[in-house]
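Next come the chains, spelled out residue by residue.
Number of protein chains: 2
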Amino acid sequence: MAPQVTVDSINPKVIECQYAVRGEIVILAQKLQQEIQAKPEAYPFQEILYCNIGNPQSLGQKSITFFREVLALCDHPAILAKSETQALFSADSIERARKILDQIPGRATGAYSHSQGIKGLRDTIAAAIEARDGFPADPNDIFMTDGASPAVHMMMQLLIRSEKDGILCPIPQYPLYSASIALHGGTLVPYYLDEATGWGLEVSELKKQLQEAKSNGITVRALVVINPGNPTGQVLAEENQKAIVEFCKEEGLVLLADEVYQENVYVPEKKFHSFKKVARSMGYSEKDIHLVSFQSVSKGYYGECGKRGGYMEVTGFGADVREHIYKLASVNLCSNITGQILASLVMSPPKVGDKSYESYIAERDGILSSLARRAKTLEDAFNKLEGITCNKAEGAMYLFPRINLPKKAIKAAEEVKTAPDLFYCRRLLNETGIVFVPGSGFGQVPGTWHFRCTILPQEEKIPAIVTRLTDFHKRFMDEFRE
Amino acid sequence: MAPQVTVDSINPKVIECQYAVRGEIVILAQKLQQEIQAKPEAYPFQEILYCNIGNPQSLGQKSITFFREVLALCDHPAILAKSETQALFSADSIERARKILDQIPGRATGAYSHSQGIKGLRDTIAAAIEARDGFPADPNDIFMTDGASPAVHMMMQLLIRSEKDGILCPIPQYPLYSASIALHGGTLVPYYLDEATGWGLEVSELKKQLQEAKSNGITVRALVVINPGNPTGQVLAEENQKAIVEFCKEEGLVLLADEVYQENVYVPEKKFHSFKKVARSMGYSEKDIHLVSFQSVSKGYYGECGKRGGYMEVTGFGADVREHIYKLASVNLCSNITGQILASLVMSPPKVGDKSYESYIAERDGILSSLARRAKTLEDAFNKLEGITCNKAEGAMYLFPRINLPKKAIKAAEEVKTAPDLFYCRRLLNETGIVFVPGSGFGQVPGTWHFRCTILPQEEKIPAIVTRLTDFHKRFMDEFRE
Numbered sequence: 001m002a003p004q005v006t007v008d009s010i011n012p013k014v015i016e017c018q019y020a021v022r023g024e025i026v027i028l029a030q031k032l033q034q035e036i037q038a039k040p041e042a043y044p045f046q047e048i049l050y051c052n053i054g055n056p057q058s059l060g061q062k063s064i065t066f067f068r069e070v071l072a073l074c075d076h077p078a079i080l081a082k083s084e085t086q087a088l089f090s091a092d093s094i095e096r097a098r099k100i101l102d103q104i105p106g107r108a109t110g111a112y113s114h115s116q117g118i119k120g121l122r123d124t125i126a127a128a129i130e131a132r133d134g135f136p137a138d139p140n141d142i143f144m145t146d147g148a149s150p151a152v153h154m155m156m157q158l159l160i161r162s163e164k165d166g167i168l169c170p171i172p173q174y175p176l177y178s179a180s181i182a183l184h185g186g187t188l189v190p191y192y193l194d195e196a197t198g199w200g201l202e203v204s205e206l207k208k209q210l211q212e213a214k215s216n217g218i219t220v221r222a223l224v225v226i227n228p229g230n231p232t233g234q235v236l237a238e239e240n241q242k243a244i245v246e247f248c249k250e251e252g253l254v255l256l257a258d259e260v261y262q263e264n265v266y267v268p269e270k271k272f273h274s275f276k277k278v279a280r281s282m283g284y285s286e287k288d289i290h291l292v293s294f295q296s297v298s299k300g301y302y303g304e305c306g307k308r309g310g311y312m313e314v315t316g317f318g319a320d321v322r323e324h325i326y327k328l329a330s331v332n333l334c335s336n337i338t339g340q341i342l343a344s345l346v347m348s349p350p351k352v353g354d355k356s357y358e359s360y361i362a363e364r365d366g367i368l369s370s371l372a373r374r375a376k377t378l379e380d381a382f383n384k385l386e387g388i389t390c391n392k393a394e395g396a397m398y399l400f401p402r403i404n405l406p407k408k409a410i411k412a413a414e415e416v417k418t419a420p421d422l423f424y425c426r427r428l429l430n431e432t433g434i435v436f437v438p439g440s441g442f443g444q445v446p447g448t449w450h451f452r453c454t455i456l457p458q459e460e461k462i463p464a465i466v467t468r469l470t471d472f473h474k475r476f477m478d479e480f481r482e
Numbered sequence: 001m002a003p004q005v006t007v008d009s010i011n012p013k014v015i016e017c018q019y020a021v022r023g024e025i026v027i028l029a030q031k032l033q034q035e036i037q038a039k040p041e042a043y044p045f046q047e048i049l050y051c052n053i054g055n056p057q058s059l060g061q062k063s064i065t066f067f068r069e070v071l072a073l074c075d076h077p078a079i080l081a082k083s084e085t086q087a088l089f090s091a092d093s094i095e096r097a098r099k100i101l102d103q104i105p106g107r108a109t110g111a112y113s114h115s116q117g118i119k120g121l122r123d124t125i126a127a128a129i130e131a132r133d134g135f136p137a138d139p140n141d142i143f144m145t146d147g148a149s150p151a152v153h154m155m156m157q158l159l160i161r162s163e164k165d166g167i168l169c170p171i172p173q174y175p176l177y178s179a180s181i182a183l184h185g186g187t188l189v190p191y192y193l194d195e196a197t198g199w200g201l202e203v204s205e206l207k208k209q210l211q212e213a214k215s216n217g218i219t220v221r222a223l224v225v226i227n228p229g230n231p232t233g234q235v236l237a238e239e240n241q242k243a244i245v246e247f248c249k250e251e252g253l254v255l256l257a258d259e260v261y262q263e264n265v266y267v268p269e270k271k272f273h274s275f276k277k278v279a280r281s282m283g284y285s286e287k288d289i290h291l292v293s294f295q296s297v298s299k300g301y302y303g304e305c306g307k308r309g310g311y312m313e314v315t316g317f318g319a320d321v322r323e324h325i326y327k328l329a330s331v332n333l334c335s336n337i338t339g340q341i342l343a344s345l346v347m348s349p350p351k352v353g354d355k356s357y358e359s360y361i362a363e364r365d366g367i368l369s370s371l372a373r374r375a376k377t378l379e380d381a382f383n384k385l386e387g388i389t390c391n392k393a394e395g396a397m398y399l400f401p402r403i404n405l406p407k408k409a410i411k412a413a414e415e416v417k418t419a420p421d422l423f424y425c426r427r428l429l430n431e432t433g434i435v436f437v438p439g440s441g442f443g444q445v446p447g448t449w450h451f452r453c454t455i456l457p458q459e460e461k462i463p464a465i466v467t468r469l470t471d472f473h474k475r476f477m478d479e480f481r482e
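Keeping their order, the protein sequence lines are chains A and B.
Take the first sequence: its position 473, counting from 1, is numbered 473 in UniProt numbering, and each next residue is one higher.
Take the second sequence: its position 222, counting from 1, is numbered 222 in UniProt numbering, and each next residue is one higher.
FYI, nobody ran anything at the bench for these hints, they're computed from the structure.
Just so we're clear, the structure is a prediction, and the values are computed from it rather than from any experiment.
There could be a bad hint or two in this list.
As the list claims (entries may be wrong) - In silico lysine-lysine, DSS-like type, Cα no more than 27 Å apart, as pairs:
1. B:LYS82 to A:LYS99
2. B:LYS392 to B:LYS474
3. B:LYS392 to A:LYS327
4. B:LYS355 to A:LYS82
5. A:LYS119 to B:LYS39
6. A:LYS249 to A:LYS271
7. A:LYS164 to B:LYS327
8. B:LYS82 to A:LYS13
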């Protein structure tokens, strides 16, 4: 018999799932890159400028030295006692590596750990959360994961029973959420962020969408909030967060707080507050609200995407539900130990007085201030373009400008059966090598068009991006202006 | 409103999923360990002897020096050019680290990679598969994953549409398979390994179970084979593998080959053959059979469980199906880079002439020969116990002895509403500190009882395990003998 697996016979949930961040435009970009390598004169540009994904080190961002020192020493502890090591590594990285190794049962960095992660590292993380929020954190609430994505999948797997279960998600959203909900067979209940108020999150909109979902027979189980926002870059005001907590409490919803950009705030008037801190400051305890916070080593100033470290802090569930979350974690045994160690480091970096403190702060602030400058430059550049408006880049790693496409461009896109924003992004890529992700990959108010642009290209490349984009945009508008 | 998530309202597939390797007995063991730490005289033993899980480094197995040198250098490439590094690291580890870094775009070990894994590392793995099998391997067929578990989940997610889709699984089986099938809502179609013939895999049994499943309205989509076997430790004969390939071809089934123990063969008369090699040697190409092979850095002589490296080699699917597998991989962005590097290293270790070759071989063979001795000692010890028969430990890391429990013991177990094998294992743990996993966690012919015991405790501890087990078993049988 011929092999039986065809596209018509695979899981339709897999087919339905979409993930634009690595989708069509990116595949085209990789193809162009190969063509340029083979034939440098093939296109009017010599390199692909990836602005599609929050992957800082792929664009030249350096890793934080102290973190990498500790990882190397934990990978090869045999060198800890050698005199040459003192010349190669900072004294506090040696000390920290010893401390971490002491926290690992048998000092075995090659062993599966507890399925929630190494207890000593979870202690460190819980202490850091306490210090950040001013409220207690319990290491037994921490589940360490290979980046934040598996943690999100785990919660979706726990909560979604059928297509009658809904998850309230922001639109625009990071497509991990729509992908995970599709894979687990649930229903994405959209709520629209308000572009006019800087992508504000209105509780009235949440209520309206919840009611509508209910009237369609959907049981809404959870609310996803991404703060700072992806792809929108907004940072929620504390008052707004309080209203969201109140809404979740009133409606009995799990609050799934994507807080992976907690270190990425670029404007002095905004500050990151964890939802747990906000809920506890309102007097709400574990008994009042189910709250899950996701964190990752991939973002922040560290940007260690390839290490796949992260955790979720799970509060408010009963011991019996918790056991099932633990079981889900245990089926995959544990997350990678290097990522676990790194997660403890980003939550507990060098402190005043540590040998590496000054160099660490210089590296950290160098990255964050450069990101802030790049965000501002790009934001200003977008706002100078005809028909483009771009909200303030308050945080995260993205801008999500809106583009008023001429009717003629929309028609041209329709003729080639392409969404207008994809049409724009594809033209931009083919003519300039710049890679944006079309807004349709994140969701947008119907009839509006956007794209996501990261602020991550190296600072010295930003002027060229602005010039190329500006020139392209002018040509594009000239071509399609009515 | 009170929080709404209770055990009655979570996904029933999560509740149904079981994972005995980290289940009740292990939770009890962790509790006892804490009690002993607090009060050393609490039990008649001073330490817990974990024989429950294939986690070699947690029991003192050392990592392979060359592998860890390369990982450390890739984690902190800044030291590569320093003179002290030459004193601390072997020359070929420095050379290999440089080569790997050159294969990573931008030398960025902190960046997300291609969702299938770094291309250069996949080239290395494909070349190693070719050298192992004598048949071509394509780097584009390799999907690197965080250990083998996510790869197994990915294939189950792809293949299972509903409870009407079945996966043929060996009984006994590694409970990842039953857990993953349960989580994805499919049906496990069991086929029984024949204990009487050393856990042989009879194609007649496959045919019988396939027919029975079909008559129950189940569409069987794939066959799982674990070779070398977990928990049974058997190594399939090549003729047997040919018959299995023929069966999958005839029935149009995907062959999911769990080959993570490919380096763990302990008897001279048996040899590991990959299913791909067997299929190709029969003249079957990609067009004839869908074949997926799983490999992991967690097993073999390397035992790097905590690093979560692995890959699957996917052959025989159309380009359109492949795109959906790629999409699933891309939703999680990529597997961890440290694990990716390690997967390339275990498939391409030092070669004759390399500086580390001799010490590498000494480390490798030291571990493998010790594992073979431990397996034999435990096998012999089990076979000396009243009512216990244990098949030959040919490969993998486990023994799966059968125990003929006295009726009185079965009755005593029933009285406390416990499966008889769990009853035995719990008593064993409470009286000796030895942790076995009850056979019911893996599946067994109804009415037979087994337990799984790893061969991994340090060699010097094996005599004490044998003595404690023998004494306990005698007491247990004396207590319950009719």
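Checking one constraint from the list: CA of LYS82 of chain B to CA of LYS99 of chain A, max 27 Å. Satisfied? Distance of about 26 Å is within 27 Å: holds.
Hint consistency between LYS164 of chain A and LYS327 of chain B [alpha-carbon to alpha-carbon, up to 27 Å]: At roughly 25 Å apart (the allowed maximum being 27 Å), LYS327 of chain B and LYS164 of chain A satisfy the hint.
Between LYS249 of chain A and LYS271 of chain A, is the straight-line Cα distance small enough, at 27 Å or below? Holds - the C-alpha atoms of LYS271 of chain A and LYS249 of chain A are around 24 Å apart, at most 27 Å.
Straight-line Cα separation of LYS82 of chain B and LYS13 of chain A no greater than 27 Å? Distance ~52 Å between LYS82 of chain B and LYS13 of chain A Cα, so the pair is violated.
Hint consistency between LYS392 of chain B and LYS474 of chain B [alpha-carbon to alpha-carbon, up to 27 Å]: Holds: LYS392 of chain B and LYS474 of chain B sit about 23 Å apart, inside 27 Å.
Holds or violated: LYS392 of chain B with LYS327 of chain A, Cα cutoff 27 Å? Not satisfied, since the Cα-Cα distance of roughly 32 Å exceeds 27 Å.
Hey, LYS119 of chain A versus LYS39 of chain B, does the alpha-carbon distance stay inside 27 Å? holds (20 Å)
Between the alpha carbons of LYS355 of chain B and LYS82 of chain A, is the straight-line distance 27 Å or under? The given pair, whose Cα atoms are some 20 Å apart, holds under the 27 Å limit.
Of the hints listed earlier, those the structure fails to meet are numbers 3 and 8, in rising order.
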